[in-house]
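Asker: Chain by chain, the residues:
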Amino acid sequence: MADVIEVGAARGDAPPPAANAVRRSASAGRTRRATPYLFLAPYLVLFGVFGLLPIVLGVWLSVHQWDFQLPNRPFVGLDNYKQLFSSDSAVYGDWWQSVRATAIFTVLSVPLLVVVPLGLALLLNRSFPGRTFFRAIYFAPYVLGVAVIGLLWRFLLDANLGLVNRLLGVVGLPSDTPWVTNMPWAWISLVGVTVWWTSGFNAVIYLAGLQDISPELYEAARMDGANAWQRFRNVTLPGLRPVLLFVITTTVLASANMFGQSFLITQGTPGTETRTVVWFIVEEGLRNNNAGRAAAMSIVFALLLAVVSIANFRLFRYKED
Amino acid sequence: MTTPTPTTDGSTPGLRRVGLYATLVALALIFLVPLLWMVITSLKTYTAAQQIPPSWLPNPLAGYGYEQILNNSANPVLRWFLNSMLAATLHSALVLVTASMAAYSLARLKFRGRGVTFALIVGTLFIPPTSLIIPNFLIVDQLNWIDTLAVVVVPGAASAFGVFFLRQFFLSLPNELEEAATLDGANQWQIFYKVVLPLSRPALATLAVLSFLTNWNDFLWPIFVLFSPEKLTLPPGLGLLQGSYVTDYPVIMAGAVLASLPVLILFVLAQRHIIQGVSRSGLKG
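Going line by line, the protein sequences match chains F and Y. Going left to right, the first sequence walks through residues 1 to 321 as the working numbering numbers them. Going left to right, the second sequence walks through residues 322 to 606 as the working numbering numbers them.
Excised from the complex, chain F in its bound form:
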């Protein structure tokens, strides 16, 4: 309240009331009605052109055969969609392989990206000297971009010169693992790097959630003789449920949109087995000039993700009852 009064009093530059009262009331009505829209306008221009228009344009593109280099872009109805689902089309094999790669990566990475950060958060969720310091270190890789992470790990995982194989050799394990070029190592590498890179991010979100759980609940559980596991199971997990739902949903989306790691670290190898959906879409649309078909893939992909997200939500809502 003190602030409010100060704000009023500090405005010594206010015009003398009588002189301006008439002018202000004459224009006030008009200005006031337009003001909210004027404030919105700059953002709405951006949002309209790069947020809404692409949605409409994407649908429109997906029903045309659109090549950037050809003048004719005929309407083809649902052909672009049909090709994705009919096994005799040229694109069918590559498309579903990319869907498979994305599904494998998502299924392998999400459980780790949900559990490992939770462990980190529980470790950091107590008071000890240096807590902020360690939190910062665990979070640090996340502020680096995928280009840096990709180059760095391509080097670290190099079968001959990489630090990973060298260190494994030192402790007497096989030191010639082809981390980025062979299966199943390629998936292990991509998942491992992603866990290393983004765990700190989810950990920070969990930490905020943990700090919202009332200490009295833990106290009460302790009074009832609950051990550490029981307190985790009956106090921590239920208290974290909304945060957990958020983490799982956003992590599934992030993993399903993976691109840079496989583009830079495994470079799609072996063969094109680690080429993800996002990669295939941009390659098809922007390298092979099939913008129409790529737009259809984008829409199918977005719908698939929506279904997965809704399923997530349902699952967790259901458990809550």
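For the record, the hints were derived by calculation from the structure and aren't laboratory data. We put the CB at the ideal spot given by N, CA and C, even for glycine. Some hints here could point you the wrong way.
To be verified - Okay, the calculated beta carbon distance ranges per label pair:
#, chain 1, residue 1, chain 2, residue 2, range
1, Y, L350, F, A34, 55 to 61 Å
2, F, V59, Y, E551, 33 to 39 Å
3, Y, I351, F, Q69, 47 to 53 Å
4, F, E219, Y, L441, 35 to 41 Å
5, Y, R593, F, S86, 51 to 57 Å
6, Y, L407, F, F75, 37 to 43 Å
7, Y, S549, F, V56, 29 to 35 Å
8, F, V59, Y, V354, 32 to 38 Å
9, F, N312, Y, N393, 45 to 51 Å
10, F, N312, Y, S549, 51 to 57 Å
11, F, L304, Y, N393, 40 to 46 Å
Unchecked claim - Residues from chain Y that face chain F, not an exhaustive set, calculated with beta carbons under 10 Å:
#, residue
12, R338
13, A349
14, A370
15, A478
16, N538
Following the hints, put chain Y in place on chain F, whose structure we already have.
Answerer: Relative to chain F, chain Y alone:
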């Protein structure tokens, strides 16, 4: 001070503390060693980096990697650095101005269509941005923005995140603020500029830093919309560097260090804002 009273799992508090720190340090090494290795390798000579087993210290300490990237006309890394700096700064400024104005309108002003507008903006948070890349490419192509600075500055500012994030913050400010300022004769613009914005500095700083980071690190979009070597930002540039130097790791790592330094410095300086921004984004769920 620590009288060794047995705890529930039988160990003493002192021992538990040692165990805690041992775990914390071991984990810290996992996160840090790769980053240290990047710096160490960037200071080696080509021959030293090819050695098996590799040495933990760059011996001889060499500026080779950095010399290569700083005097290289095919890979103008310094130019990419400046492009990235300019793009991320302008992007961050654009987000701050447009998102704060829109968020103010949506949070503090009453007008017809407010609910619908907000729903529309928030609705796009559920559409994966990657699925809009193809049509967005077509749009920037029509605007003749391909291979220009604008293409990496402007489109990303349409993201709903900033508006959503600042609106939440503006909603938490007390109503009395406007009332007092209005009584005093301030118009909406003055209230926004002189009252609401100064009170929102922490939220604005968080958004500025997060937008800068996102733009600085963006890879997928610039590799398809920037082509000329002198127009690239660092992330697509690093890809090019890897293509031309293949296993010349001191050079590649020097590039990676150059791309990491600004964001790591920013992280050290603005750690509180970054962590708060991230944790707050989770609490909306």
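Asker: Does each hint fit the structure? Answer for all of them.
Answerer: Status of each hint after checking the structure:
At about 59 Å, the beta-carbon gap between L350/Y and A34/F stays in the expected band of 55 to 61 Å. Between V59/F and E551/Y the beta carbons are some 37 Å apart, a value that agrees with the proposed interval 33 to 39 Å. Restraint check, I351/Y to Q69/F: a C-beta distance of roughly 48 Å satisfies the suggested window 47 to 53 Å. Judged by the Cβ atoms, the range 35 to 41 Å given for E219/F and L441/Y is violated: they are separated by roughly 46 Å.
Distance hint for R593/Y and S86/F: a CB-CB separation of about 54 Å, consistent with the stated range 51 to 57 Å. Between L407/Y and F75/F the beta carbons are some 42 Å apart, a value that agrees with the proposed interval 37 to 43 Å. Checked against the hint of 29 to 35 Å, the C-beta distance between S549/Y and V56/F comes to roughly 31 Å, which is consistent with it. For the pair V59/F and V354/Y, the beta carbons lie near 48 Å from each other, so the given range of 32 to 38 Å is not met.
Look at N312/F against N393/Y: about 47 Å separates their beta carbons, and that is inside 45 to 51 Å. Taking the beta carbon of each, N312/F and S549/Y are about 43 Å apart, not inside 51 to 57 Å as hinted. Range check, L304/F to N393/Y: about 43 Å between beta-carbon atoms, so the 40 to 46 Å window is met. A distance limit of 10 Å between C-beta atoms decides the matter here; for R338/Y the minimum to chain F is near 7 Å, and the interface restraint holds.
At its closest, the beta carbon of A349/Y sits 5 Å from a beta carbon of chain F; the interface hint therefore holds under the 10 Å criterion. Restraint check, A370/Y versus chain F: the minimum CB separation of about 7 Å is within 10 Å; hint holds. Hint on A478/Y holds. Least Cβ distance to chain F is approximately 5 Å, under the 10 Å limit. Taking 10 Å as the C-beta cut-off, the interface hint given for N538/Y holds, the closest approach to chain F being about 3 Å.
The structure fails to meet hints 4, 8, 10 from the earlier list, while all remaining hints are met.
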